[in-house]
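Chemist: Single-letter residue listing:
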Amino acid sequence: MEIRTLTIDSVQAALRERRASARELAQEALRAARQANAETNAWLTFAEERALAAAARIDQMLGRGEDPGPLAGVPVAVKDNIVTRGVRTTCGSRLLEYFIPPYDATVVERLERAGAVILGKTNLDEFAMGSSNENSAFGPVRNPVAPDRVPGGSSGGSAAAVADGNAVVALGSDTGGSIRQPASFCGVVGLSPTYGRVSRYGLVAFASSLDRIGPLARNVRDAARLLQAIAGRDPRDSTSAFAPVPDYAAAFDGQVHGLRIGLPREYFEGLSSATAVQMEKARALLESLGCKLRDISLPHTPYAVACYYIVCTAEASSNLARYDGVRYTWRAPHAETLAEMYSRTRGQGFGAECKRRIMLGTYVLSAGYYDAYYLKAQKVRTLITRDFLAAFEQVDAIVTPVSPFPAFRHGEKLDDPWQMYLSDIFTITASLAGLPAMSVPCGRTPEGLPVGLQLIGPHFGEPLLFRLGEAFERAGGASL
Amino acid sequence: MKITEQEVRYVASLAHLELTDDEVKRMTHELDGILAHMDQLRELDTENVEPMAQVLFPGSENATLREDEPHTPLAHEEALANAPLSGAGQFKVPRVIER
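If you're matching them up, the sequences are chains F and E in order. In terms of our numbering, the numbers along the first sequence are unbroken and rise by one, the last being 483. In terms of our numbering, the numbers along the second sequence are unbroken and rise by one, the last being 126.
No wet-lab data here; the hints were simulated from the structure. Please note that the accuracy of each hint is not assured.
Quick list of in silico lysine to aspartate or glutamate cross-link-like pairs, DMTMM-like style, CA-CA up to 20 Å [to be verified]:
id: 1; chain 1: F; residue 1: K382; chain 2: E; residue 2: E77
id: 2; chain 1: E; residue 1: K52; chain 2: F; residue 2: E42
id: 3; chain 1: E; residue 1: K29; chain 2: E; residue 2: E57
id: 4; chain 1: E; residue 1: K29; chain 2: E; residue 2: D59
id: 5; chain 1: F; residue 1: K416; chain 2: E; residue 2: D59
id: 6; chain 1: F; residue 1: K382; chain 2: E; residue 2: E74
Just so we're clear, the structure is a prediction, and the values are computed from it rather than from any experiment.
With the rest of the complex left out, here is chain E:
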């Protein structure tokens, strides 16, 4: 086994993802199979290979500095328009700090 149900529950908690017991069972089985395939990469010697995080081109292609010019941002009410719950110009969430 590459991964246990207990690990699946732990990873789900890291991802803030509620899973039902059935989902945990199925996910354990599926991830186990997928990770076994992924282990195939171990065959490769990557000792002196640089990791590639991004597609980059030589020269100035990705020079990303720009002028620091002011611009009008999204209006407050537009930014809040899709919020499930808002009020007083803020996003509202369940209470975090106890009084």
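Just chain F, same shape as in the assembly:
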């Protein structure tokens, strides 16, 4: 079996027609992933035992004529900030290098119940904080499309594993663009679903009001299938939504004629020239599909980066307080007092970006600055959300670039944190508003670097994004 080109459909067909067993697929995928890992560093841990056990269960069920589930035998990668019982979960941090979770995340349970085979855990920026995957304590990931470039972040390992063909689909997490931006840099599909659509139980918290789990895949249909398996209310996450999960496959009816699409002018300023060229081609393609394009304005966009980095650092400083050397595997040696143990463990355990965010977050929440920064940012978050809600009175979907530029070189943005933060400028707005947003491949630059088109929908508008994304893909969006 050629793992690199498998889809969820072709895996199902191969199993059904007995051209391969789930065990053979898992073994071949693990072999390919190990080999690729020497080049990309996309994987942190392989879960061979667990994968082969899951595959054996699928083969047994098939042998008995039972239905092993909609994702039967599909090799999946899971970002290493999603906990897996008995399989090391590091969050890309030295602090958790030897952390073995005692339970599975809800999404992991649901994946395996649907028949998926989890191959292992993928590299990420430490605690999902970064836009280039260069903040991993276990080394950067190289973009399989262009090894001198970053894969994006923070779900860089998941995006690279899918782009490289080691996994058919992957789970990532997205707080400010951490699924969409790496998907665009690596040329794959990535969806950040509506906030609350997918349970966060077992996702190691970074910024709880923004964190979401979502799929990365090589085509829109596979992304939809993965979401189908993991979406829905979970009593263990009180923020998970009660809204019923629709049948996403029903979205693929190709009906995009007459769809009203807004192009917010604030998102088409300051683009790299190659990105701008791809956006023009996307515009023409959408028009040829019969979509009605119109220019719109989301006036508070210029304030989004400042707003986001106040809100997310504040929440992060609180969430990361638990890594104090008491419960989670690593403690700095030679501390005499409890206070010393806390501060040394944290000072020696966290990498530079985590420390920066803990400091910023603590500062904006501290007495005297709370109103000026944190409360102010929460109010600006309301304004940014209102921009979107007003726009969705006029249009069905909003289309923008995912990033102002394609994948950059390793080290290129490490000297200036604000420049790195600006990589997220077009993705964090939908994050703040809790809206579903998807990155779909939109051709390549003359240098061969992938560009991503972002589709943003109203809350719970995933079916619309799938329909539009699939129509764009089918019309040749990836090879524009």
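Given the coordinates of chain F, work out where chain E should sit on it, guided by the hints.
Modeler: Chain E alone, transformed into the frame defined by chain F:
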């Protein structure tokens, strides 16, 4: 200057984060730059705007009450399994109370 080295040391103490002298210098410079960008929000009039702490949906979407049903919690030894130091069924830390 938005922030001084002295303030950086104070914030680090609030966060229980030990920083080296070099880190304090670098952090002061970096935070100063970032906070200057964040001050951009002051341009906006937010007088009558409600703060948004969470993404909420109308209706029952976020009704979070559930039945109070007992369930089996994580076993003691599993909960302690990742502790750097434990004993007698407890997490162990440096002595807090002097005898």
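Chemist: Now look at each hint and say whether the structure bears it out.
Modeler: Hints, one by one, checked against the model:
no. : hint            : result
1   : F:K382 to E:E77 : 6 Å, holds
2   : E:K52 to F:E42  : 36 Å, violated
3   : E:K29 to E:E57  : 11 Å, holds
4   : E:K29 to E:D59  : 5 Å, holds
5   : F:K416 to E:D59 : 18 Å, holds
6   : F:K382 to E:E74 : 9 Å, holds
In terms of the numbered hints stated before, the structure departs from hint 2 and from no other.
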